[in-house]
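So the protein lines, in turn, are chains A and B. Going by this note's numbering, the first sequence opens with residue 1436, and the numbers climb by one from there. Going by this note's numbering, the second sequence opens with residue 53, and the numbers climb by one from there.
Read the hints as simulated data drawn from the structure, not as lab findings. Be careful, since some hints might not be right.
[Said to hold, decoys possible] Simulated restraints on C-beta separations:
| hint | chain 1 | residue 1 | chain 2 | residue 2 | range |
| --- | --- | --- | --- | --- | --- |
| 1 | B | 197 | A | 2011 | 49 to 57 Å |
| 2 | A | 1623 | B | 392 | 21 to 29 Å |
| 3 | A | 1869 | B | 71 | 17 to 25 Å |
| 4 | B | 326 | A | 1869 | 46 to 54 Å |
| 5 | B | 286 | A | 1901 | 45 to 53 Å |
| 6 | A | 1659 | B | 373 | 35 to 43 Å |
| 7 | B | 358 | A | 1936 | 50 to 58 Å |
| 8 | B | 73 | A | 1869 | 19 to 27 Å |
Owing to the predicted nature of the structure, the values given are computational and were not obtained by experimental measurement. By construction, the Cβ of each residue, glycine as well, lies at the ideal position given by its N, Cα and C atoms.
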Amino acid sequence: MSVFEEKERVVVKFAGDSGDGMQLVGSQFTNNTALVGNDLGTFPDFPAEIRAPQGTLAGVSGFQIHFGSSEVYTPGDSYDVLVAMNAAALKSNIYNVRKDGILILNTAGFDSKNLRLSGYQENPMETGELDGYSVYPIDVTKLTREALKENQLGTRDKDRSKNMFVLGFIYWLFNRKLENTIDFLKRKFSKAPEVLDANLKALKAGHNYGNITEAFSTRYSVKRAQMPPGKYRSINGNPAIAMGLIAASHKTKLPVFYGTYPITPASDILHELARYKNFGVKTFQAEDEIAGICAAIGASYGGKIGVTGTSGPGMALKTEAMGLALMLELPLVIINIQRAGPSTGMPTKTEQADLLQAVYGRNGEAPIPVLACSTPSSCFNMAYQAVKIALEHMTPVILLSDGYIANGAEPWRYPSSNDLDDIKVKLAKEVKEDEVYLPYQRNVDKVREWALPGTPGMEHRIGGLEKEDVTGNVSYDPDNHENMVKIRAEKVERIANYIPLQEIDNGPDKGDVLVLGWGSTYGSIKSAVKELVNEGKSVAHAHLHHIYPFPKNLGDMLANYDKVLVPEINNGQLVRLIRDKYLIPAIPYNKIKGVPITKNELKDQVELLLTKEKETV
Amino acid sequence: MSTETATPIYSPKDFESNQEVRWCPGCGDYSILKQMQAILPKTGLKHEEIVFVSGIGCSSRFPYYLNTYGMHSIHGRAPAIASGLKASRPELSVWIITGDGDALSIGGNHIAHLLRRNFDVNVVMFNNEIYGLTKGQYSPTSPLEKVTKSTPFGSLDHPFNPAAFALGADATFVARGMDRDPKHLQSMLLRTHEHKGTSFLEVYQNCNIFNDGAFQLMTDKATKPDNTLFVEHGQPMIFGAEMKKGIILDGYKPKIVSLDQYGKDDLWIHDEHDRFKAQILVRFFDDPRVEGNYPRPFGVFYTEERATYDDMMEAQVKVAKEQSEAPDLDALIAGKETWEVY
Ligand code: SF4
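If we strip away everything but chain A, and leave its shape as in the complex, we get (with noise of 0.2 Å):
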C-alpha cells in the first residue's frame, strides 16, 4: 500500500512530442485539479508547427501546471513531476526538474532512434545521470496497445490513446477521480464510439497500472485551497476575453460584430465567439488584418460593438485604421494578444513588448486608450472594461493580453451577470427639422454623439481628412487642426476621471521598493513580493491595468516608495513610460527570452535593489 504524503504545493510537467496529445492531458488535468478544489496555474508551452518534426528537441510540446492548497499565482519555476513521453521531452526539461523530483518516463520514445534525435549518446536511465531523481520507466506504448487488446482499431489509431493512459496514471497519483475525464471523452468522441473505447479503455488501464503495481510507495495528496467563498470554474484568456465582450454585449444589447484575421495566439477568440450566434454575435473571418479590423469599423459605425483581435504583426497592419476610428470618433475595441517579435517572432512565445506600439505606434497625433490584462481571469473584466470605454467615450480602446495569459489557466470566482457595471449608451435622438445635424458637438467629457444611419434627420458625412470643431466638415484651418489635436487628446486624458485608483496589490503605503508590473508578469511578481513582505522586507506590489491614460493617483503613489522597480517581458517599456510621464528614475528589469519571468528571478533581483544602496541608477 502506497502512502500520501500532503503537500501544499506541486508543479507537474507533461511533455511529449507535438503529436502525443499532451495538451489534451494538460488541459484534463487542469480541470480535475480546479474541481478538487486546488487553486492552480498553468503553462501551455507548444512548437510552432503542428507537426514539428517527431522525437526532436524543436518537436517537444509541454503543459506545466502548478497547484497547491494555498493561493497558486504561477505555473511555478521547478518542477516536482517530470513525465516524458521521449526521450527529446526529458533533454528539454531535466534541467528544470527538482533535484529529488519524480521521472515519469514512457520507455518507447528512449529507443535508438529517439535518443540519437534527440541528442542523447546514451539511454540517460543507464547512464546513472537521473540518480537523485526518482525515476519510474513505464512502456506506455505497449501497455496501452495491450490494454486495447479487443478494440477494433488499427495500431496507429491505438496509440493515439497512450495520452490517456498517462492521464489514468496521474491521477492515480494524485488520487483523483476519473469522472470529469470520461464524459468530457464522451462528449468528444459522441460520433466514433470505436476511438471513445479506446480512450476510456486507456484512461482506465494508467489508473490501474498504479493501483496494480504499487508503482510508488509515496503518492502525493494536496489539500483543497482555503479560497475565497464563491461559485468557481477554471477560466483560460481567450475564452475570458470572449465572454467578457459577450456580457458587455448583453448588457447594452448591442451585438458584437467581431472581424479578424487568424492569427497565433489570438485566434481561440474568433473559435469562442463564432459558437455564441444565439448571443447575435456576428463573426466575421475577413481576408487580411486590414479588413479585419476595418469591418468591425464598419458595424461600428453601423451601431454595434466593433471589435478586431490580433497578434503584433496584425497590429502592425491595422495601425491606419485605427487612426481612422480614432477620427471617425467611434467606439471599437483592438485586441492584441502579443508574442515574441519582431516581425513574425516566435509566435508560440510570450512576450509584451508591443506597449510602445500601443501607446505610439500610429501617424499623427493620435492617442488610443490602452487597457492590459494580468491573468486569465482578468482577461473578462478587461474586456468588459475596454467595451465600456470605447462606447461611453466614443473611441477606439486597445486591449493587450499575451500567450502566457491566452493559452494559462487558473480558478475563476466568476461574477453573476447582475453584479457587472453599467454601460452607458448614448445614441444620437431626432433632430428638430430644418436644424442641420452636427455630428462633432461633444458634451463635458469632449464625447461626440453616436447617430447611425437610418436615424432621420441625421444624415453626415464623416472620415479620416482633419475635421471641423462641431460641425465635422472638412478643414484644413491650421487653429482648428492644433484645436482638434488636444480635443481629441483631452477626451483620452479624461478617461483617467472614469476609471479606478491604482491600488497597492500587496505590502505597505509607503516603503523601499515598490515592484510595478503591468500584464502577465502578475502572477510571478505577486508571489514574489508576498514572500518578500512574509520575510519582513519593505516591498509592495503594483499592478497596472489602464495604462494609457494612468490611473489619477499612479505618480502619488511612485512617490512614497525609494526606488521603483518595473519587470517586463521586454527591453523595458512600461519604464520608459514612466519615467516619461513621472520624471522618476524607475528601474527597469527585463528578460526577453519568450517565457514569464519566474519567481525567484524577480525575488533575487529586489533584493538586490534592497541590498544596493539608496542610489538612483
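Using the hints, position chain B with the ligand against chain A.
For chain B with the ligand alone, coordinates are given in the frame of chain A:
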C-alpha cells in the same frame, strides 16, 4: 429582372449636400454625381437609408456631396468597411465609391473578396486610368507604355481588365458605363442598385487634368459608334455608325461581321445570365486606337442570383437563436464544470 421603380418621393436636388463640390472643372466626376442624384429618387429610398462609403482618391470625395449618410474612409478599404456595415445593418442601402487605384491597387484584395462573398452592396468604380489626387502617376488600369510622371519612359505594367477581374472573382453583377453618356449611366446605376448581391459597375471617367481623352475614341460622337458596343439582354450585338456591324460567335471565337452579309438572327444575342459568354464579352478589351479591334462593350455583362453573405449571416444567427434557449449570460459564464467554496 424587373426595372420598375418605386414612386419617387424626392427630387435629385434633395440629394445634394450642403458641401461645395471640389473637383477640377470639367472632371467626369461631376456627371457621375449628377446621374447618381438623378437616380436616387427613383430608388424610393429615404436619405437616411442610404450610406456611401468611399476610399481615397478624387472619386472618393463623392460621399461629401450627397445628402445621405457617408464615410470617406482610408485608401482601398471601403469594401471591408462596407462589408462590416452591411453585415450588421443589412437593411441599409450601401454604396461603395472607389477608383481604379483605390479598388484595384491598394484595395485589390478587398474588392476580390467582397465580390466572391456577394454582400448586397453596390460598387461604383470610377476608372480614369490615372492617379489624379496624387497628381498624375500611372494606375493599374493605365495602358502599357503609358508615359506619366512616374513612368517617363513608359509604364511596364500590364493593365487590369476590371470587368474580367470582377467576373474572375465570381461577381454576381458586372456592368460598365461612361461619364459622357448620362442616360445610359443612369440606367446602369439603377440596375446596380436593383441587383441583390454585390454589383460591380465600372464607369469610364475622364480626368481632364492628368489623363484627358483617355476614352475619347469611345466617348466622342464621331468615333463612339465604331468603338463601342452597347449590349442589352436579349438583343443582338450591333454597333457602328450606321448600325451595320454585328458580332457573331464562331464557336468560342467572336467575329465582327457586316450586316450586309449576316442577318440579325445570325448575331450573338446577348444573354446577361450566361456566365460563359460573359467571359468572352469582357475580353473585348483591345486598344481602341488599333484598327479592326473589337468594340468596347458597355451595359450589363453578367448578372446572377446568388445568396448574399448578409442574408446567410442573418439566417445563421436566426437559426442559432431558435435552436437554443434564450441566451443565458450566467450559464455562459459558469460553463460546464464549476465548484463552490463555502
Ligand atoms: S485630378 Fe482628374 S479625376 Fe481628379 S478631380 Fe481633377 S479632373 Fe477629376
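### Query
Taking the CB of residue 197 of chain B and the CB of residue 2011 of chain A, does the distance hold inside 49 to 57 Å?
Hint holds: Cβ distance 52 Å, inside 49 to 57 Å.
### Message
If I claimed the Cβ atoms of residue 73 of chain B and residue 1869 of chain A lie 19 to 27 Å apart, would that claim hold in this structure?
### Response
holds (23 Å)
### Query
Taking the CB of residue 1659 of chain A and the CB of residue 373 of chain B, does the distance hold inside 35 to 43 Å?
holds (40 Å)
### Task
State, for the Cβ atoms of residue 326 of chain B and residue 1869 of chain A, whether the hinted interval 46 to 54 Å holds or is violated.
Holds: the Cβ-Cβ distance is about 52 Å, inside 46 to 54 Å.
### Task
Kindly confirm whether 21 to 29 Å is satisfied by the beta carbon distance between residue 1623 of chain A and residue 392 of chain B.
holds (26 Å)
### Query
Do the Cβ positions of residue 286 of chain B and residue 1901 of chain A conform to the proposed distance bound of 45 to 53 Å?
Holds, since residue 286 of chain B and residue 1901 of chain A (Cβ atoms, about 51 Å apart) stay within the stated range.
### Query
Taking 17 to 25 Å as the hint, is the beta-carbon distance of residue 1869 of chain A and residue 71 of chain B inside that range?
Since residue 1869 of chain A and residue 71 of chain B have Cβ atoms about 18 Å apart, the given range 17 to 25 Å holds.
### Message
Between the beta carbons of residue 358 of chain B and residue 1936 of chain A, is the distance compatible with 50 to 58 Å?
### Response
holds (56 Å)
Of the numbered hints stated above, none is contradicted by the structure.
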